[in-house]
Amino acid sequence: MLLQVEHVSKSFDQKTIIKDINLHVAQGEIVSLLGISGSGKTTLFNIIAGLSQPDSGSVLLQDRSILNQPGQVSYMLQKDLLMPYRTVANNVILPLLITGIKKKHALIKAAPLFAEFGLSGYEDKYPADLSGGMRQRAALLRTYLFDKPLALLDEPFSALDAITKRALHTWYLDIMAKIHLSTLLITHDIDEALVLSNRIYVLANTPSVISDEIAIPKALHDASEFELSNEFLQLKRRIIADLHI
Amino acid sequence: MKIKLKSTSISLLPLAVVILVLALWYVVTATGIVPRFFLPGPFDVLVAFQEDFDLLMANMWVTLVEAFWGLLLGVILGVSIAIIMERFDLLYRAIYPLLVLSQTIPTYAIAPILILWFGYGILPKVLLIIVTTFFPVAVEMLTGLRSADQDLIKLMQTMGSNRLQILWYVKLPASLEHFFASLRISVSYSIIGAVIAEWVGGDAGLGVYMTRVMKVYAYDKMFAVIVLISLVSLCLILGVDLLQRLTMPWKRGEKAL
Numbered sequence: 001m002l003l004q005v006e007h008v009s010k011s012f013d014q015k016t017i018i019k020d021i022n023l024h025v026a027q028g029e030i031v032s033l034l035g036i037s038g039s040g041k042t043t044l045f046n047i048i049a050g051l052s053q054p055d056s057g058s059v060l061l062q063d064r065s066i067l068n069q070p071g072q073v074s075y076m077l078q079k080d081l082l083m084p085y086r087t088v089a090n091n092v093i094l095p096l097l098i099t100g101i102k103k104k105h106a107l108i109k110a111a112p113l114f115a116e117f118g119l120s121g122y123e124d125k126y127p128a129d130l131s132g133g134m135r136q137r138a139a140l141l142r143t144y145l146f147d148k149p150l151a152l153l154d155e156p157f158s159a160l161d162a163i164t165k166r167a168l169h170t171w172y173l174d175i176m177a178k179i180h181l182s183t184l185l186i187t188h189d190i191d192e193a194l195v196l197s198n199r200i201y202v203l204a205n206t207p208s209v210i211s212d213e214i215a216i217p218k219a220l221h222d223a224s225e226f227e228l229s230n231e232f233l234q235l236k237r238r239i240i241a242d243l244h245i
Numbered sequence: 001m002k003i004k005l006k007s008t009s010i011s012l013l014p015l016a017v018v019i020l021v022l023a024l025w026y027v028v029t030a031t032g033i034v035p036r037f038f039l040p041g042p043f044d045v046l047v048a049f050q051e052d053f054d055l056l057m058a059n060m061w062v063t064l065v066e067a068f069w070g071l072l073l074g075v076i077l078g079v080s081i082a083i084i085m086e087r088f089d090l091l092y093r094a095i096y097p098l099l100v101l102s103q104t105i106p107t108y109a110i111a112p113i114l115i116l117w118f119g120y121g122i123l124p125k126v127l128l129i130i131v132t133t134f135f136p137v138a139v140e141m142l143t144g145l146r147s148a149d150q151d152l153i154k155l156m157q158t159m160g161s162n163r164l165q166i167l168w169y170v171k172l173p174a175s176l177e178h179f180f181a182s183l184r185i186s187v188s189y190s191i192i193g194a195v196i197a198e199w200v201g202g203d204a205g206l207g208v209y210m211t212r213v214m215k216v217y218a219y220d221k222m223f224a225v226i227v228l229i230s231l232v233s234l235c236l237i238l239g240v241d242l243l244q245r246l247t248m249p250w251k252r253g254e255k256a257l
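Residue numbers (UniProt numbering), protein chains in the order written: chain A, 1 to 245; chain B, 1 to 257.
Calculated from the structure, these hints are not laboratory results.
The structure displayed is predicted, hence computed values, not measured ones.
Possibly wrong hints are sitting among the right ones.
What the hints assert, rightly or not - Here are some chain B residues the structure puts well away from chain A; computed CB gaps all over 12 angstroms:
# : residue
1 : Leu24
2 : Arg87
3 : Ala109
4 : Ile122
5 : Arg212
6 : Asp241
7 : Met248
Said to hold, decoys possible - Each computed DSSO-like pair below joins lysine-lysine, with the alpha-carbon atoms no more than 30 angstroms apart:
#  : chain 1 : residue 1 : chain 2 : residue 2
8  : A       : Lys165    : B       : Lys154
9  : A       : Lys165    : A       : Lys178
10 : A       : Lys79     : B       : Lys251
11 : B       : Lys154    : A       : Lys102
12 : B       : Lys215    : A       : Lys103
13 : A       : Lys102    : B       : Lys251
14 : A       : Lys15     : B       : Lys154
15 : A       : Lys15     : B       : Lys251
16 : A       : Lys109    : B       : Lys215
17 : B       : Lys215    : A       : Lys165
18 : B       : Lys215    : A       : Lys178
19 : B       : Lys215    : A       : Lys125
20 : B       : Lys251    : A       : Lys104
21 : A       : Lys102    : A       : Lys15
22 : A       : Lys218    : A       : Lys104
23 : B       : Lys251    : A       : Lys165
24 : A       : Lys178    : A       : Lys218
25 : A       : Lys104    : B       : Lys154
26 : A       : Lys125    : B       : Lys251
27 : B       : Lys251    : A       : Lys19
28 : B       : Lys215    : A       : Lys79
Here a beta-carbon is modelled for each residue, glycine too, at the ideal position from N, C-alpha and C.
Make the full structure from the sequences, and use the hints.
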């Protein structure tokens, strides 16, 4: 198993945010963590990313504990967080520079990926010259260049307008089919979770616990117009019931 | 590379005002409304400037060298203090109030003390300039370092970056604009500081030239040197603008600069 989160709980000021969370991500899987705002999704992500410590429980990446160890998994946030003062190319190679790779080598390594991520010709532009969708793609390329076995995406598409978001979903599935980046995705968008993931964990109640786990068979994703199918609606109904909304 | 200076885009209105003032100045002196020995005319100043050109340039060079070293060291000190205060909160709380307090001391009043301690050479001048220039830089840099995006810092942490990398990749770039704002102030402080230090004691420099022409009541030369000092300050400020444009190319498209 790639990522294994076991019995993780965390409280702030005597208030339990997440309680006894168990989840796993297999190699090459896209797994969503679905929950309403304030359900502790980001708290859990911070723990997996090594930025904060759980009160109890363990986090294993490839059977090794990564508690309190930042830099083990890639992380992408809702804001693209591209540095306005660095060109697109210099932005995406940042994780390589951090690990001590020389700039020249980092640029060579990144060069073939710009086309893949729909950013050809924008290498030397500044982020301000890019559209919202392109900026998010650049942020994803940067995440990919972290070159870690698992990527944590914290609501990566939620700041985009509906149309751009849809286009980016399609693009995302295409690119994932090529790069096979194992992903744990936070979202509060039920449709997004259903369209993008192999499995969905639903976070509900206070304090948050995993209230449901839904596997989406590959056949459904491959079917045309999955989003308009009955199966889609049934799954959506189930999630809505899980969330008590 | 196309670089357009900020000043060229300003309308011609201020220029018109300057011409008007010069014309008025000429009229009141040429007609004798104000006596010549009291206020020299604009052309007298021009002639004085031309007569003493070599002397002015030689003295200007001395002043510029003092200003350069003082400013350089003042900026290094200011940036260092800001970085240290941002990193260690305890030091911030210990130093910052003292820094503010230090600005209540009239720095030009300590010039004689510096001369007394360190003689008539370049050292007391450079020290005085350091004292006057480091403060704006330290305060602005601190604001700049603290303005860095916290989410970006968090992202850098998830990449496993250390404090030095966060400083280099996030905090310092975030404070560039603040830095240049303070540099613009410090540059003019450095020239003024040098001139005042030369007034108190020295054997060369625009300040020394000033005290000499004042003692012989050569007001035309006095005006000439004042104009020269303003011009030098103006050129240096434009130089800072240019430097900022070269250092921050991503801002070129924006109107803010």
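Going down the list of hints, with the structure as the test:
Look at B/Leu24: its CB is around 47 angstroms from the nearest CB on chain A, clear of 12 angstroms, so calling it non-interface holds up. With a minimum CB-CB distance of about 19 angstroms to chain A, B/Arg87 clears the 12 angstroms threshold, and the non-interface call stands. Annotated as non-interface, B/Ala109 keeps its C-beta farther than 12 angstroms from every C-beta of chain A; the closest such distance is 41 angstroms. With a least CB separation of 37 angstroms from chain A, B/Ile122 remains clear of the 12 angstroms interface cut-off, as annotated.
Distance check on B/Arg212: its Cβ is at least 48 angstroms (rounded) from any Cβ of chain A, clearing the 12 angstroms threshold; non-interface status holds. B/Asp241, annotated as away from the interface, keeps every beta carbon of chain A farther than 12 angstroms; the closest lies near 18 angstroms. Distance check on B/Met248: its Cβ comes as close as 7 angstroms (rounded) to a Cβ of chain A, failing to clear the 12 angstroms threshold; non-interface status is violated. Distance check on the hinted pair: A/Lys165 and B/Lys154 sit about 25 angstroms apart at the alpha-carbon level, within 30 angstroms; holds.
Distance restraint check for A/Lys165 and A/Lys178: the Cα-Cα separation of roughly 20 angstroms lies within the 30 angstroms cut-off, and the hinted pair is therefore satisfied. With a CA separation close to 21 angstroms, the supplied pair A/Lys79 and B/Lys251 stays within the 30 angstroms bound. Restraint check: the Cα-Cα separation between B/Lys154 and A/Lys102 comes to about 23 angstroms, which is no more than 30 angstroms; the hinted pair holds. Only pairs whose Cα atoms come within 30 angstroms are accepted, and B/Lys215 paired with A/Lys103 is rejected, the gap being roughly 61 angstroms.
Annotation: proposed proximity of A/Lys102 to B/Lys251 holds, straight-line Cα distance about 26 angstroms (limit 30 angstroms). Between A/Lys15 and B/Lys154 the CA atoms are separated by roughly 24 angstroms; this keeps the pair inside 30 angstroms, and the hint holds. With a CA separation close to 45 angstroms, the supplied pair A/Lys15 and B/Lys251 exceeds the 30 angstroms bound. For a cut-off of 30 angstroms, the pair hint linking A/Lys109 to B/Lys215 is broken: about 70 angstroms separates their Cα positions.
The hinted pair formed by B/Lys215 and A/Lys165 fails the criterion: a straight-line CA distance of about 77 angstroms is larger than 30 angstroms. The hinted pair formed by B/Lys215 and A/Lys178 fails the criterion: a straight-line CA distance of about 84 angstroms is larger than 30 angstroms. The straight-line distance between the Cα atoms of B/Lys215 and A/Lys125 is roughly 60 angstroms, outside the 30 angstroms bound, and the hint therefore fails. For the suggested pair B/Lys251 and A/Lys104, the alpha carbons sit about 25 angstroms apart, so the restraint of at most 30 angstroms is met.
With a C-alpha separation of about 46 angstroms, the suggested pair A/Lys102 and A/Lys15 falls outside the 30 angstroms cut-off, and the hint is violated. At most 30 angstroms may separate the alpha-carbon atoms for a hinted pair to count; A/Lys218 and A/Lys104 exceed this at roughly 41 angstroms. This hinted pair checks out: B/Lys251 and A/Lys165 have alpha carbons roughly 29 angstroms apart, not beyond 30 angstroms. Of the supplied pair hints, the one linking A/Lys178 and A/Lys218 holds, its CA atoms being roughly 16 angstroms apart against a limit of 30 angstroms.
Between the alpha carbons of A/Lys104 and B/Lys154 the distance comes to roughly 26 angstroms, so the proposed pair stays at or under 30 angstroms and holds. Proximity of A/Lys125 to B/Lys251 is assessed by CA-CA distance (about 12 angstroms); at most 30 angstroms being required, the pair is judged to hold. At roughly 47 angstroms between alpha-carbon atoms, B/Lys251 and A/Lys19 are farther apart than 30 angstroms, so this suggested pair is violated. Using a Cα cut-off of 30 angstroms, the hinted pair B/Lys215 and A/Lys79 is violated, with the two alpha carbons roughly 66 angstroms apart.
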